[in-house]
Amino acid sequence: MDIDANNIKSFQATGNQQAFGELMRKYKDRVFNFCLCYLEKYDDADDCTQEIFIKLYENLHTFRFEAKFSTWLYRIMINSCKNMKRSKHYSMRGRIQETDISGASLEEINNCSHSPEKVLINEELGRAIREAIQTLKGSQKMVLIMSDIDGRAYEEIAKITNFKIGTVKSKLARARLKVAEILKSKNIT
Amino acid sequence: MKCDQIKYLLYEYIDDHVNDNQKKLIEEHLLGCLNCRSTLEDLKEYKKLVRQMQPAKAPVALEDNVFSTIQEKTISKQEFKMPGWLKIAAAAMIIGFLYLLTPDNYFKITKLELQYIPVEQKRSKGPAIIKKSEKGVDIRIQYLNKLVNAYGGKVISTKQKKAESNIEHLTVEIPRDEYIGFAAAFNARKPLYKLPEKLPFSFRKMVKIVVFFEKRRYLSGDINGDNYDDIVMYFSSGRYQNHWFVALNDKMGNFLKPVLVEMNDKKGILKKQYDAIIADINADTFDDLLLIQTEKDSSGVWYVFENDQNNGFKESKQVHFLHDSIIYISESLPFSGDFNNDGYDDIGLRTKHEWVIFINNTAGNFNHGQVIEIVTGAESVTGEYLTFSGDFNNDGFSDIGLKGYEHDNSGFWYISYNNQSLMFEQLKPLRFHERSGRYIGVKQVFPGDYNGDGYDDILAIYGDEITTGSCFISLNSQKDMIGLGYEVTFGGDHYFVTE
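Protein sequences, first through last, are from chains D and V. Each residue of the first sequence is one higher than the one before, counting from 1 in the working numbering. Each residue of the second sequence is one higher than the one before, counting from 190 in the working numbering.
Calculated directly from the structure, the hints in this document are not laboratory data. Ideal Cβ placement from N, Cα and C applies to all residues, glycine included. Take these hints with a grain of salt, some might be off.
Covered by chain D, according to a simulated footprint, are these stretches of chain V (three or more residues, beta-carbon under 8 Å) [said to hold, decoys possible]:
1) 250-262
2) 333-345
3) 452-466
Computed spacing ranges between beta-carbons, pair by pair [what the hints assert, rightly or not]:
4) Ile345(V) <-> Ala67(D): 47 to 57 Å
5) Lys233(V) <-> Gly151(D): 27 to 37 Å
6) Ala67(D) <-> Pro618(V): 36 to 46 Å
7) Phe65(D) <-> Gln260(V): 25 to 35 Å
8) Gly15(D) <-> Cys192(V): 55 to 65 Å
9) Cys192(V) <-> Phe65(D): 42 to 52 Å
10) Asp669(V) <-> Ala67(D): 18 to 28 Å
11) Gly15(D) <-> Gln194(V): 50 to 60 Å
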């Protein structure tokens, strides 16, 4: 039995918070990165990540091991991101908070062994790619983040989204062409 | 191979995921095509950049925040088991009563007015309020006893008016932790039994009744993209024929006064007879209008008026279906929902014999219909019924429900949950709150998320197309159950009235 399954079973049986904590530690960066790519704004991604883990906490007892845990978690992530995007809260923020030299980059500068310049360059690149991703439509965006940012295989994406593999591939191809074109037009190299 | 075909294969080519034949064709094409060579370079660059990109790290305080929210939620769940608008109602009620904190952690509530207590539902017509049961006991007291017991409290004393034998009010004790829940349950004092099945025409203050005997249809959907479903109404006859009104959700359990919706209809679609549904067909979170014109051969032509995001609706365009065939027959009942959770609403049709779902191809058109099977199991579903759809378990996939409206099988509501791959689970009864009515005789039911919690609720409209309906909402309790109904208002009026 893998570690996830151990933790989930422990949580389901006894409500073990430590087990839930371990799951959260394992997946938090991945979840946050997904949310940030999908929602673009740091605060929205932070809120959304919190919401996802709260939902996970509330619903983990219903997980029946019929699918992979990460697939199941992905569904919660997608729904939460979509909901966040639909909420008024989100659109308000989008307008007010245009500049986003976020807490993340500062934190990273403090915590990271790379030079501050390099971190800033990475941050710039990340932001440019995320900005380009925002031009994509819902499902293309979702598929591109899952595949190219989070490194999920086509089969897994197909399972998560209920698309056929062919559909996943064609959505990805279109999305990549569009993002590549935007990055080129912005001279990001 | 042409550029259009080649360019979609280029990334796979970079990743070496194409077969030998494709590889050969691509390389031959690239030799002679500057555009595709340039696209290839762009994609290589894209791949390099994405690989360079450092994944963002979650904020340091994330774990603490999550755990403290969970803790807060656990505590507040024990105290507040109701939506926000009810909290306000409950708070108002709390102020209305005198209460004392007794040392043993109980609230003592004096003057619990009996007139506010709903009596058990009776099937008899008219607003009969029965004060005495067969044994001569005031059944409101029986009910109150039940309610108080359910929340772990007890009735301490009762007070009677001197001249009359009827009890005026009581004093009860309720555990402190249960007080808010009790107050909310007690405050739910708009019992459905009070409503006759058809509303009389003389009611309440209405200054200007201009739209009374004209045929109208109600619909519901999120028109302003705020995540709370609104109510839409249009007239199919009379002075307001082809006028569309929307009453926006005020996010407090009611709706704002209806306003006229601007429809851009140069083609004159609205002048012909049609059926309509509301669905978000372009996944922009603003619901669009779909109109179906019935042709002589019983087939239908579908049009969409896309929601111009708070600027009315755009000019209509025709909606196409893959392998366009007869996708609508005049007797079939259309409904909509996101059955595959891709954000794009799909279309369902209930024909005489089957349910068919047309999946939105995400480009504004629909695939060919898939007949879906709903297993009725042990439940015998007979007689006439409505089909409705909504996401009742907040999994993002719309479910399908049935509601009977014949009197002989009155009160039946069934639900078949979409188990996320268009396979619908066996039909089971949709549970209602034990004190809730079942909207018997109601023919207009609109599931929708009226309190913005992600779980679709039930909106039911009394009366028919001609009478001005009274609207009720029963909120989804999020636990496989539909709660007590309450009557909604539109900018203060109980009816959808425009002036």
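Structure-based check of all given hints:
1. Coverage of the segment 250-262 of chain V by chain D holds [criterion: at least 3 residues with CB-CB distance below 8 Å; count 8].
2. A stretch counts as covered by a chain when three or more of its residues have a beta carbon under 8 Å from one of that chain; for the segment 333-345 of chain V and chain D the count is 0, and the coverage is violated.
3. Residues of the segment 452-466 of chain V lying with their CB closer than 8 Å to a CB of chain D number 0, which falls below the three-residue condition for coverage.
4. Checked against the hint of 47 to 57 Å, the C-beta distance between Ile345(V) and Ala67(D) comes to roughly 54 Å, which is consistent with it.
5. Remark: the range hint 27 to 37 Å for Lys233(V) to Gly151(D) is contradicted by a beta-carbon distance near 18 Å.
6. For Ala67(D) and Pro618(V), the Cβ-Cβ distance of about 28 Å falls outside the hinted range of 36 to 46 Å, so the restraint is violated.
7. Distance hint check for Phe65(D) and Gln260(V): the Cβ-Cβ separation is about 28 Å, which falls inside the suggested range of 25 to 35 Å.
8. Gly15(D) and Cys192(V) have their C-beta atoms about 58 Å apart, which keeps the hinted 55 to 65 Å range intact.
9. Checked against the hint of 42 to 52 Å, the pair Cys192(V) and Phe65(D) passes, with Cβ atoms roughly 47 Å apart.
10. For Asp669(V) and Ala67(D), the Cβ-Cβ distance of about 21 Å falls inside the hinted range of 18 to 28 Å, so the restraint holds.
11. In this structure the supplied range 50 to 60 Å holds for Gly15(D) paired with Gln194(V), their Cβ-Cβ distance being about 55 Å.
Violated hints, listed in ascending order, are 2, 3, 5 and 6; each of the other numbered hints is respected by the structure.
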